[in-house]
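A.B. asks: Fit chain E to the given chain R structure using the hints.
Note that the protein sequences, when read in sequence, are chains R and E. Just remember that this note's numbering sits 39 ahead of the position in the first sequence, which is counted from 1. Just remember that this note's numbering sits 2 ahead of the position in the second sequence, which is counted from 1.
In case anyone wonders, no lab produced these hints; they're calculated from the structure. For each residue, glycine too, the CB sits at the ideal point set by N, CA and C. Mixed in with the good hints there might be a few duds.
As the list claims (entries may be wrong) - If you want a taste of the chain E side facing chain R, the calculated C-beta under 10 angstroms gives, among others:
id	residue
1	PRO374
2	ASP395
3	ASP397
4	TYR401
5	GLY406
6	ILE407
7	LYS408
8	GLU418
9	ALA419
10	PHE420
11	ARG422
12	ASP426
To be verified - Straight line, CA to CA, 20 angstroms or less: simulated EDC-like cross-link-like pairs of lysine to aspartate or glutamate:
id	chain 1	residue 1	chain 2	residue 2
13	E	LYS79	E	GLU20
14	E	LYS411	R	GLU147
15	E	LYS408	R	ASP110
16	R	LYS223	R	ASP244
17	E	LYS411	R	ASP119
18	R	LYS196	E	ASP423
19	R	LYS281	R	ASP119
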Amino acid sequence: MTRRNNHAPPTPLKDTTMLTIKNLHASIEEDGTEILKGLDLQVNAGEVHAIMGPNGSGKSTLASVLAGREDYEVTEGSIDFDGEDLLEMETDERAREGLFLAFQYPVELPGVSMSNFLKQAVNSVREHKGQDPLSAGDFLKLMKEKAALVHLDPSLKARSVNEGFSGGEKKRNEIFQLAMLDPKLAILDETDSGLDIDALRIVADGVNGLRGDDRAFVVITHYQRLLDYIVPDFVHVLVDGKIVMSGGKELALELEEKGYDWIKADAGQTV
Amino acid sequence: MPARLSEPDPIQPFTRTEEIVQIEQKLIEEINARLERQDANGGNGWASARRMAAGAFKEMGLPTKRSEAYKYTPVAKRVTDDLSLENSAGTVQADRKLEDVEGIHLSTTNGLLDSVPESLPEGLTISSLVDAYEGNRIFVNDHLSRAFVADRDAFSSLAAAAAEDGILIHAAAGAKIDTPIVIHHDTVSVSGLVQPRILVVADEGASLNLVERFGHAEGSSAFENRIAEMIVADGGSIDHVLIYERSQQSTFVNGLHVYQEGSSHYATNTITLGGGMVRNNLHFLPDGEECETHLNGLYIARGSQHIDNHTFVDHAKPNCESNELFKGVVADSATGVFNGKILVRQDSQKINAYQSSKSIVLDRSASVYAKPELEIYADDVRCSHGATTGELDEDALFYLRARGIKPEKARLLLLEAFARDVVDLIDQEPVRDYLYARLHSLLEAHAS
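Looking at chain R on its own, in the form it has when it is part of the complex:
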């Protein structure tokens, strides 16, 4: 673990814990292959954590497990989300409790209009918080305001969710939904994949506009590029289902320069 000493030890910015993952083991439900092999992570309110790692290291599995996808089975460990046992909650409960996953591959929903979809989603969350459903007027106003954040055309409300959206529009739509649902914790799963530099900027600006003391982000990415725009407080390197190194934002630059091999070798020695 010598290399970790080269970097500033991750000390929390605040002491309000949002997410605590302890010794998380998860396998593919279908064939039992273990993907996450003892992952630990703590995220506090107001922080932005980047999770980086080579292909196949388990980054997207982590996102899926956090969102509650049934394709994965948690075999060991615990996840505490703002004082609650996340693993006890269904996917939709997690979302209502304030966990948001921006999908790597947003799903097309032919025939389900954006406005109907968002109305149902926003009002589900509001109902959970004990708030009244938004009036039609307030809802439209909110949509207009949040769509502007990621430069989405307000006429999209009549379109089917993600159907016929370009790659960039789909990703911007994810951030738009994030803004509409106002979650406590947002997980961005490879949000930069498939984006050109302009779209990347728009998405990053949108995310930066949503940063705040009460909200935390976990940004999962393969490339350092996104982190030029969404500057993380912490960077973690995931290799073979475990976080093998953590540091500040400069760790991302080091990874960009040297690749992942030196960490893999290092991890090999220390495991």
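C.D. replies: Leaving out everything else, chain E in the frame of chain R:
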């Protein structure tokens, strides 16, 4: 000009049970008795056409499961001893909907008009077939049985042989009838065999909209075997919506026979939400160039319902287009059947024919049989077909739930989106709104 003879559905030789044979014989005797009675009373205008249809029915007999076209739909099981042309058990009123549709509203009892509207737009005739025959026998003789090929369809032959009267809707040449004609099939026999007949004609350059609803008639277990013929002359247009919502004790065989001349437009949306056993036999013959044919359908089958859509598009002439979309949601232990045949004849070049059938199966005990059939003898055509049957998309469900939407609401959203796709194609907004609401309440029960 008579309709060109189309390829008959292959009728396999089969042995019929003694019981079925007896029922057939009884029905034939009843038809003959009717014809003789009418002969004695001065005759029925189209008696010879009826005799021909009776002969065709006698030849074909009632289809059983052994005939390929009825392999998955044992209509014969619904043919029981008490099926008779003479219904004496009284009638039942169906529920009445669609009253807010701005249109010419008509109601029927066992397929016959309760009354004929006093004032109609210029160029539009609505009357009983008998009255129409009195007024213009050449017109009726020319059009009746023009769209329908007697030796192709046993049930339609039976209905054509039995029906002594029916409904005529006729838009004269050039008449653009924008106001929809709404037929409420309100009153139906408690039981027995009901065989309504309707003839709809849009003459050259004429257009009309027809909306029909078979309302829920609690307490009726009638077997409705209907024959509908629609003739669209050169440059004419008919838009047709049929909504079937009878009770689960009811049986419906819906013989629709469409004949199109050149540059004409015909569209049907056949929405089947009710009935214990329903067989939609939908035949289309675009018999001129530049025809447009749209055949769309939706069904929701639940409980032990059995809903079968059999379509046949006979592209007899070049340069035509047909679009076909059939969707179904099948729940509980219900059954859905789709058989869509497209025939492109050898000289019918430049045909665009698209067919898609999609169904969602919600329960393990529900089943769907889908069979697209393309028979193409021309070489310069664009035809495609696709049939999918499956469960609700798990990825779509997960996506909705990841946004906080409860599973039952997420399922309802997806089911409604799936079904509304067909309803979206209907022109009249109040009809769409009625169906959206019906779909919502029907599907809600199956989303939890």
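A.B. asks: Does each hint hold? Answer for all of them.
C.D. replies: Results of checking the hints against the structure:
no., hint, verdict
1, PRO374, "violated (21 angstroms)"
2, ASP395, "holds (8 angstroms)"
3, ASP397, "holds (5 angstroms)"
4, TYR401, "holds (4 angstroms)"
5, GLY406, "holds (4 angstroms)"
6, ILE407, "holds (5 angstroms)"
7, LYS408, "holds (5 angstroms)"
8, GLU418, "holds (8 angstroms)"
9, ALA419, "holds (3 angstroms)"
10, PHE420, "holds (6 angstroms)"
11, ARG422, "holds (6 angstroms)"
12, ASP426, "holds (8 angstroms)"
13, E:LYS79 x E:GLU20, "holds (13 angstroms)"
14, E:LYS411 x R:GLU147, "holds (17 angstroms)"
15, E:LYS408 x R:ASP110, "holds (19 angstroms)"
16, R:LYS223 x R:ASP244, "holds (18 angstroms)"
17, E:LYS411 x R:ASP119, "violated (27 angstroms)"
18, R:LYS196 x E:ASP423, "holds (18 angstroms)"
19, R:LYS281 x R:ASP119, "holds (18 angstroms)"
Violated hints for the displayed structure, listed by number in ascending order: 1 and 17.
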